[in-house]
Amino acid sequence: MSRQLIIDTHAHFGVPENKVLESMRTEKTYEVDCLLQDLATLKEMAGSENGDLLEDHNFLEDYLTCMEENHVQMSWLHQLSFEKILGYQVLSNEQISQAIRTYPGKFRGFASVDPNQDTKAAVEELDHAIRVLGLHAFKLNPNDYGGFDLNDPEKLYPLYEKCCELNIPVSVHTGITPSCIFRMKHNNPILLDDVAVDFPDLVLIVEHMGHPWNDLCYNMVSRHKNMYLTITAVANVLIHSRPAVFRMELSKMIAIIGSEKILWGSDWTATPNMKEVLTYLNKVSIPLPMRLMMGVKQITKQDIDNIVGLNALRILK
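Read in my numbering, the sequence shown has 29 at position 29, and its numbers run on one by one without any break.
Careful: at least some of the hints might be erroneous.
[Said to hold, decoys possible] Below, a list of computed lysine to aspartate or glutamate pairs in the EDC-like style, where the Cα atoms sit at most 16 Å apart:
hint, residue 1, residue 2
1, Lys-155, Glu-124
2, Lys-225, Glu-249
3, Lys-162, Asp-152
4, Lys-106, Glu-61
5, Lys-84, Asp-114
6, Lys-155, Asp-118
7, Lys-28, Glu-83
8, Lys-106, Glu-69
9, Lys-275, Glu-249
[Said to hold, decoys possible] If you anchor each label on the Cβ, the simulated ranges turn out as follows:
hint, residue 1, residue 2, range
10, Leu-288, Val-132, 54 to 62 Å
11, Arg-131, Met-290, 43 to 51 Å
12, Arg-3, Arg-25, 42 to 50 Å
13, Glu-69, Gly-105, 15 to 23 Å
14, Lys-301, Glu-83, 23 to 31 Å
15, Leu-288, Pro-104, 45 to 53 Å
16, Thr-102, Gln-298, 36 to 44 Å
17, Arg-25, Pro-289, 53 to 61 Å
Don't read these hints as lab results, they were simulated from the structure. Quick caveat: nothing in here was measured; it's all calculated off a predicted structure. Where is the CB? At the ideal position from N, CA and C, for every residue including glycine.
Using the sequences provided together with the hints, build the complete structure.
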């Protein structure tokens with residue numbers, strides 16, 4: 001029997017220098033305190049006993065060990081800045097590029113740039129990240145860089161046009177976000193409907209199930225051929241704390257959009273319970289009463305194989 005293909009479509013790793021910089025901080029602003037505390041709470045909600053994002057076992061080598069233990073063949077690494085809040089980038093394009101060069105074939109990199117800067121400079125920075133640094137895709141987190149609207153025609157559309165030119169997918173943070181300092185209106189997945197209509201050939205990966213706009217998100221993804229959905233982070237929390245709730249959500253999203261448009265991602269290190277999630281997914285079953293009441297089909301091995309690896313491979317080899 002061949003081993004199941006597993007691709008983690010959403011991961012980060014800690015940078016030792018950031019631990020040093022954080023230890024040198026003399027005082028924390030309200031924004032810094034909220035961001036670090038809320039991210040720590042998210043980690044604890046996924047079962048981690050230590051919510052410290054700057055702990056000693058969340059570096060690249062630790063993630064590689066986690067990948068090996070869980071038979072993850074490839075991972076998509078996502079840039080994460082928050083430099084305006086923290087004073088340093090959580091994970092830069094350059095650090096991801098170095099990881100790709102150090103471990104050939106193991107990683108794919110998702111670059112990000114500040115859409116609030118000069119538009120021409122932002123487009124050139126993205127082009128540099130792909131063509132020179134060797135990253136493979138574009139990441140947007142509308143809470144970063146001071147916030148922005150995902151359907152902003154002046155700031156974002158030139159970047160989407162560049163992604164079409166480069167033929168690269170775009171991963172977009174949607175749904176609720178850790179920290180009360182961010183505005184949820186920026187995370188509403190409906191903003192991506194404009195993008196999908198105006199850029200029909202652009203592959204859009206809608207992160208985090210659009211939670212709490214789940215049903216809206218499922219139906220939006222179902223109507224756009226190049227739009228995909230991830231269960232990243234939300235699955236980690238629900239599987240750990242309310243597995244029956246996630247089972248209902250999974251059966252519903254498969255019924256609406258099909259398992260061919262759903263991706264798994266760990267969101268390591270923010271939600272590090274990778275083993276728990278993969279074990280659950282490979283054992284999940286819909287009881288007959290639930291199938292009859294909800295009008296959904298049994299979740300098959302093919303469904304899970306699609307979600308944990310095959311779909312990702314079709315998007316980004």
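Each hint tested on the structure:
{"no.": "1", "hint": "Lys-155 <-> Glu-124", "result": "13 Å, holds"}
{"no.": "2", "hint": "Lys-225 <-> Glu-249", "result": "21 Å, violated"}
{"no.": "3", "hint": "Lys-162 <-> Asp-152", "result": "15 Å, holds"}
{"no.": "4", "hint": "Lys-106 <-> Glu-61", "result": "12 Å, holds"}
{"no.": "5", "hint": "Lys-84 <-> Asp-114", "result": "11 Å, holds"}
{"no.": "6", "hint": "Lys-155 <-> Asp-118", "result": "9 Å, holds"}
{"no.": "7", "hint": "Lys-28 <-> Glu-83", "result": "14 Å, holds"}
{"no.": "8", "hint": "Lys-106 <-> Glu-69", "result": "15 Å, holds"}
{"no.": "9", "hint": "Lys-275 <-> Glu-249", "result": "20 Å, violated"}
{"no.": "10", "hint": "Leu-288 <-> Val-132: 54 to 62 Å", "result": "55 Å, holds"}
{"no.": "11", "hint": "Arg-131 <-> Met-290: 43 to 51 Å", "result": "49 Å, holds"}
{"no.": "12", "hint": "Arg-3 <-> Arg-25: 42 to 50 Å", "result": "44 Å, holds"}
{"no.": "13", "hint": "Glu-69 <-> Gly-105: 15 to 23 Å", "result": "19 Å, holds"}
{"no.": "14", "hint": "Lys-301 <-> Glu-83: 23 to 31 Å", "result": "43 Å, violated"}
{"no.": "15", "hint": "Leu-288 <-> Pro-104: 45 to 53 Å", "result": "47 Å, holds"}
{"no.": "16", "hint": "Thr-102 <-> Gln-298: 36 to 44 Å", "result": "42 Å, holds"}
{"no.": "17", "hint": "Arg-25 <-> Pro-289: 53 to 61 Å", "result": "54 Å, holds"}
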